[in-house]
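Chemist: Single-letter residue listing:
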Amino acid sequence: MYDELSKHGYSRRETGTTLVFTGIDKLRVAASTGDFRKVATTYNELVKYVKEHRPASMGIINALRMIGEYLLENKLKGFTDYLDKLYKKYDRDCWEAARIAANRIVDGDVLMTISNSLCVRRVFKILVDQGKRFEVYVLESRPGMEGLDTASYLNDLGVKTYLIVDSAARFFMKNCKRVVVGAEAIAINGAVVGKVGTSLLSLIAHEARVRVFVVAPLYKFSPETIHGELLKLPEGDWRLLMSPDVREKLPENYRAKAPIYDVTPANLIDAIATEYGLFAPQAVPVVIKQVYGVFPPKLMDLDEIAGKLMGMEV
Amino acid sequence: MSLELDKRILEIADGIKTMRIRGAGKIARAAAEALKIAAQTYKGPREPVEFRRYMDRVAELLISTRPTAVSLPNAVYYVMYILEKTEGGVDELVDAVVRRADEFIESSLQAVKRIGEIGARRIKSGATVLTHCHSSVAVSVIKTAYEMGKIEKVYSTETRPFYQGRITTRQLLEAGVPVIQIPDSSVRYIMHEIDQVVVGADTIASNGAVVNKVGTSQIALAAHEARVRVFVAAETYKFSPMTVIGELVQIEFRPETEIVPRDWIDKHPNVKVLNPAFDVTPPEYIDAIITEEGVIPPQAAILILLEKFGWALEKIKHGVIHRVEFEESLHE
Numbered sequence: 001m002y003d004e005l006s007k008h009g010y011s012r013r014e015t016g017t018t019l020v021f022t023g024i025d026k027l028r029v030a031a032s033t034g035d036f037r038k039v040a041t042t043y044n045e046l047v048k049y050v051k052e053h054r055p056a057s058m059g060i061i062n063a064l065r066m067i068g069e070y071l072l073e074n075k076l077k078g079f080t081d082y083l084d085k086l087y088k089k090y091d092r093d094c095w096e097a098a099r100i101a102a103n104r105i106v107d108g109d110v111l112m113t114i115s116n117s118l119c120v121r122r123v124f125k126i127l128v129d130q131g132k133r134f135e136v137y138v139l140e141s142r143p144g145m146e147g148l149d150t151a152s153y154l155n156d157l158g159v160k161t162y163l164i165v166d167s168a169a170r171f172f173m174k175n176c177k178r179v180v181v182g183a184e185a186i187a188i189n190g191a192v193v194g195k196v197g198t199s200l201l202s203l204i205a206h207e208a209r210v211r212v213f214v215v216a217p218l219y220k221f222s223p224e225t226i227h228g229e230l231l232k233l234p235e236g237d238w239r240l241l242m243s244p245d246v247r248e249k250l251p252e253n254y255r256a257k258a259p260i261y262d263v264t265p266a267n268l269i270d271a272i273a274t275e276y277g278l279f280a281p282q283a284v285p286v287v288i289k290q291v292y293g294v295f296p297p298k299l300m301d302l303d304e305i306a307g308k309l310m311g312m313e314v
Numbered sequence: 315m316s317l318e319l320d321k322r323i324l325e326i327a328d329g330i331k332t333m334r335i336r337g338a339g340k341i342a343r344a345a346a347e348a349l350k351i352a353a354q355t356y357k358g359p360r361e362p363v364e365f366r367r368y369m370d371r372v373a374e375l376l377i378s379t380r381p382t383a384v385s386l387p388n389a390v391y392y393v394m395y396i397l398e399k400t401e402g403g404v405d406e407l408v409d410a411v412v413r414r415a416d417e418f419i420e421s422s423l424q425a426v427k428r429i430g431e432i433g434a435r436r437i438k439s440g441a442t443v444l445t446h447c448h449s450s451v452a453v454s455v456i457k458t459a460y461e462m463g464k465i466e467k468v469y470s471t472e473t474r475p476f477y478q479g480r481i482t483t484r485q486l487l488e489a490g491v492p493v494i495q496i497p498d499s500s501v502r503y504i505m506h507e508i509d510q511v512v513v514g515a516d517t518i519a520s521n522g523a524v525v526n527k528v529g530t531s532q533i534a535l536a537a538h539e540a541r542v543r544v545f546v547a548a549e550t551y552k553f554s555p556m557t558v559i560g561e562l563v564q565i566e567f568r569p570e571t572e573i574v575p576r577d578w579i580d581k582h583p584n585v586k587v588l589n590p591a592f593d594v595t596p597p598e599y600i601d602a603i604i605t606e607e608g609v610i611p612p613q614a615a616i617l618i619l620l621e622k623f624g625w626a627l628e629k630i631k632h633g634v635i636h637r638v639e640f641e642e643s644l645h646e
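Quick note, the sequences are listed as chains A and B, same order. Heads up: the first sequence begins at 1 in this note's numbering, then just goes up one per residue. Heads up: the second sequence begins at 315 in this note's numbering, then just goes up one per residue.
Zero decoy hints are in this set.
SDA-like mimics (lysine to any residue), calculated; alpha carbons at most 20 Å apart, straight line:
hint, chain 1, residue 1, chain 2, residue 2
1, B, Lys586, A, Leu5
2, A, Lys160, B, His582
3, A, Lys257, B, Gln478
4, A, Lys257, B, Gly490
5, B, Lys457, A, Arg255
6, A, Lys26, A, Gly307
7, A, Lys75, A, Met300
8, A, Lys174, B, Leu588
9, B, Lys581, A, Tyr153
10, A, Lys7, B, Thr571
11, B, Lys581, A, Ser11
12, A, Lys160, B, Glu570
13, A, Lys7, B, Arg484
14, A, Lys249, B, Ala489
15, A, Lys38, A, Leu76
16, B, Lys467, A, Asp237
17, A, Lys289, A, Leu299
18, A, Lys125, B, Asn584
19, A, Lys257, B, Ile504
20, A, Lys249, B, Gln478
21, A, Lys232, B, Ile504
22, A, Lys7, B, Glu572
23, B, Lys586, A, Asp149
24, A, Lys89, A, Gly78
25, A, Lys160, B, Leu588
26, A, Lys174, B, Lys586
27, A, Lys7, B, Tyr477
28, A, Lys249, B, Ile494
29, A, Lys174, B, Pro596
30, A, Lys174, B, Gln564
31, B, Lys586, A, Val159
32, A, Lys249, B, Gln485
33, B, Lys581, A, Asn155
34, A, Lys249, B, Arg484
These aren't lab readings, by the way, just hints derived from the structure by calculation.
Use the sequences and the hints to build the structure in full.
Modeler: As structure tokens, this is what we get:
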């Protein structure tokens with residue numbers, strides 16, 4: 001079955017939040033050796049991986065920044081405890097944001113979603129536990145088609161689910177009450193970086209006057225954007241859309257461009273659900289000031305941290 | 315009276331039904347060809363009344379093969395109309411049908427070229443164009459504009475679930491047009507690079523709404539948001555006379571296995587896979603419809619309907635052309 005699907009470019013990929021969890025696990029394994037060099041090397045590898053493959057994934061970028069700052073200050077002293085705490089915080093924040101989003105969904109709602117997000121899955125889980133009845137339209141979400149994984153999750157929860165192609169979102173929008181999506185990053189102006197297609201889905205919802213909710217714990221917020229930094233959005237090619245044997249049947253000069261993320265402007269989003277509550281995307285700076293105590297929060301660059309760690313005397 | 319039809323007519327009817335013959339233009343021409351063969355091979359009594367009844371039966375048989383494809387009844391009505399206008403014996407009637415069918419086929423073939431020329435004039439020089447699915451007329455517009463040196467680049471959507479965009483890409487590459495395929499989900503992402511959108515149509519309703527491959531309406535929406543012009547290229551036989559009396563255009567739902575394999579569906583009893591083939595783009599998102607007769611705003615679709623199918627409109631209004639009538643005659 002998954003062989004057949006790989007012809008269409010189906011592939012499992014980590015959500016922004018699970019990427020943080022696996023990153024912490026890797027550092028934990030390195031730390032268990034008690035060798036600072038090993039930890040620094042693992043850290044450096046993670047930074048490289050994220051910069052290359054997930055440059056807009058703020059969950060892991062923010063986590064690595066905090067971890068790096070801790071290491072610079074404390075080396076390995078209390079490090080595993082710190083990792084445990086961070087892991088728990090991320091996990092809790094994700095649940096809390098999901099809980100707040102779930103409060104906005106009422107019995108009998110029909111939802112539409114795209115891609116595969118851990119926080120959005122948790123919204124569904126909470127709704128089922130609360131005994132709210134709801135149905136979900138899931139876009140297959142090319143490239144990658146991880147919408148199929150969301151549909152599988154909903155199937156196992158016993159939720160009535162409709163799987164549709166990305167092109168059919170507008171066709172079915174009139175049946176829906178709300179759109180619920182995850183995020184890879186939130187910019188200072190409230191713009192949301194999400195799986196490609198999220199901005200189109202939000203536009204379609206906006207046209208049909210269907211509310212759009214983004215479930216994004218504050219660890220998805222990008223402080224770099226305060227300083228005007230642009231989020232880098234990676235693009236793939238035909239490899240994300242088909243298997244090599246399918247490619248072979250197409251003309252030699254066939255070219256494809258497969259963006260992975262897109263930016264949804266704040267005006268197409270009704271609210272962001274975070275662990276601090278639900279607020280308008282344009283209120284992001286206010287919340288950041290509240291949470292960090294200062295505005296703008298000061299930051300170190302990940303490469304700079306990684307460089308310092310690698311060069312540190314132990 | 316049993317229908318003794320030439321084998322070639324039954325082959326065409328079957329070909330349309332099983333989608334061996336597909337694409338609005340090919341279906342329409344095949345139907346006209348079948349009517350021509352029917353007239354040429356008529357072996358019944360030399361009574362004009364008998365000949366007309368025989369032709370009606372062939373017409374109904376053809377229309378019944380694909381109830382949702384508008385080009386099919388339009389081609390049939392177009393050819394059959396001549397029987398209303400012609401007086402005389404069976405020989406005169408046969409001649410008239412043959413001439414009328416040839417005329418339809420010829421003008422249909424010419425239409426693709428004409429639309430290509432007219433549409434290409436509307437393309438800005440140095441344009442980056444987005445197209446969806448595969449449409450012979452949209453490809454004709456793009457190719458013609460490229461030959462005029464106007465097109466810089468084309469983006470073509472994959473068009474899930476069937477990937478008709480790969481056919482478009484192949485045809486454009488063969489013509490030397492630089493074309494890049496993108497997934498359907500990324501049309502808003504790419505829209506800021508696009509100057510003009512060119513798509514085809516399956517059916518055009520009397521209010522100017524365009525029924526086309528699912529995804530067209532959200533592309534038009536994204537274009538509208540970005541103030542990018544949207545052109546629909548369509549032969550006049552894509553305009554639906556039935557919609558004038560309020561008839562809705564039926565949207566076909568295709569098999570779920572076109573989207574995911576059977577065993578995936580079996581493993582997910584709570585998931586229903588929905589596969590609509592078409593969607594409806596409202597006229598306010600369309601800047602112009604390019605036909606072989608010229609460019610019209612979508613809201614003027616009724617003009618084409620009156621000009622081309624005025625005679626059919628009268629009959630439709632009086633219920634003479636109606637599916638019910640066809641069903642009754644089947645039971646005769």
